[in-house]
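A.B. asks: Chain residues, written in single-letter form:
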Amino acid sequence: GEDVEQSLFLSVREGDSSVINCTYTDSSSTYLYWYKQEPGAGLQLLTYIFSNMDMKQDQRLTVLLNKKDKHLSLRIADTQTGDSAIYFCAESAYDKIIFGKGTRLHILP
Amino acid sequence: DGGITQSPKYLFRKEGQNVTLSCEQNLNHDAMYWYRQDPGQGLRLIYYSQIVNDFQKGDIAEGYSVSREKKESFPLTVTSAQKNPTAFYLCASKTSRRPDTQYFGPGTRLTVL
Chain V
1 GEDVEQSLFL
11 SVREGDSSVI
21 NCTYTDSSST
31 YLYWYKQEPG
41 AGLQLLTYIF
51 SNMDMKQDQR
61 LTVLLNKKDK
71 HLSLRIADTQ
81 TGDSAIYFCA
91 ESAYDKIIFG
101 KGTRLHILP
Chain E
110 DGGITQSPKY
120 LFRKEGQNVT
130 LSCEQNLNHD
140 AMYWYRQDPG
150 QGLRLIYYSQ
160 IVNDFQKGDI
170 AEGYSVSREK
180 KESFPLTVTS
190 AQKNPTAFYL
200 CASKTSRRPD
210 TQYFGPGTRL
220 TVL
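Residue numbers (the working numbering), protein chains in the order written: chain V, 1 to 109; chain E, 110 to 222.
I should point out that these hints are in silico values taken from the structure, not numbers from a laboratory. By construction, the Cβ of each residue, glycine as well, lies at the ideal position given by its N, Cα and C atoms. Hints are supplied without guarantee of correctness; some may be wrong.
Claimed, not checked - Straight-line alpha carbon distances no greater than 27 Å define the calculated DSSO-like cross-link-like pairs of lysine-lysine that follow: (1) E:Lys-123 - E:Lys-192; (2) E:Lys-166 - V:Lys-36; (3) E:Lys-192 - V:Lys-101; (4) V:Lys-70 - V:Lys-56; (5) E:Lys-166 - E:Lys-192; (6) E:Lys-118 - V:Lys-36; (7) V:Lys-101 - E:Lys-118.
Stated by the list, open to error - Covered by chain E, according to a simulated footprint, are these stretches of chain V (three or more residues, beta-carbon under 8 Å): (8) 11-25; (9) 99-106.
Could you build the full structure based on these sequences and the hints that come with them?
C.D. replies: See the structure below:
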């Protein structure tokens, strides 16, 4: 079945780049997503990538997709305190979207 | 403004009582979803509905029920059969156009005393 794996925690110094990694299992997924969740709130779509793309850049966010290894990453440049949140990787799967357990990003001063 | 609303934000209930969580969307999305979130567990799918008057069980449907009488509304009832109902509940809807992205409501935190 489908599964999405990501590490649970990441600590980064303010101003550095953050890289959050994810692996997925369903090679037929059409889209892969990154969502952000701030404390006590719902999930907010950050960005998505179509499965036939290798890279997508959107301001401070860069998504890299290695389809051969089924590996997805999200790079946040110049990490700020407002980036502190849980980041979810997700893959499309027919009538559902499969989410990872989320990576909690902690910003060090 | 288009979006998804969930009410209330916080809900307290006594053990043994059924409780209904509201979810409304004005995005004209056909599909709607309910998730449960516990600390460190990520999102777990409870029920989902692709179209009015039809819905399917997700991974943890036991102790929950839903209805989908209108396109805009997908209420979730947490019944007394749910053994550990205290959690954060998230509703989402999904467009059928590409990319088929899910959009989330702000969530309801249910505490059973």
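A.B. asks: A separate judgement is required for each hint: does it hold in the structure or not?
C.D. replies: Results of checking the hints against the structure:
1. Simply put, E:Lys-123 and E:Lys-192 have alpha-carbon atoms about 13 Å apart, close enough for the 27 Å limit, and the pair holds.
2. Restraint check for E:Lys-166 and V:Lys-36: the C-alpha separation of about 26 Å stays at or below 27 Å, so the hint holds.
3. Annotation: proposed proximity of E:Lys-192 to V:Lys-101 holds, straight-line Cα distance about 22 Å (limit 27 Å).
4. A threshold of 27 Å between alpha carbons decides the hint, and for V:Lys-70 with V:Lys-56 the separation of about 16 Å falls inside it, so the pair holds.
5. For the proposed pair E:Lys-166 and E:Lys-192, the alpha carbon gap of about 17 Å is at most 27 Å, so the pair holds.
6. The suggested pairing of E:Lys-118 with V:Lys-36 holds, with an alpha-carbon distance near 19 Å, which does not exceed 27 Å.
7. Distance hint between V:Lys-101 and E:Lys-118 is fulfilled; the C-alpha atoms sit about 23 Å from each other, no more than 27 Å.
8. Interface restraint, the region 11-25 of chain V with chain E: violated (0 residues with C-beta to C-beta distance below 8 Å; minimum three).
9. Here's how the region 99-106 of chain V fares: 4 of its residues keep a CB closer than 8 Å to some CB of chain E, so the rule of at least three is met and the hint holds.
Violated hints amount to a single one, hint 8; each of the other numbered hints is respected by the structure.
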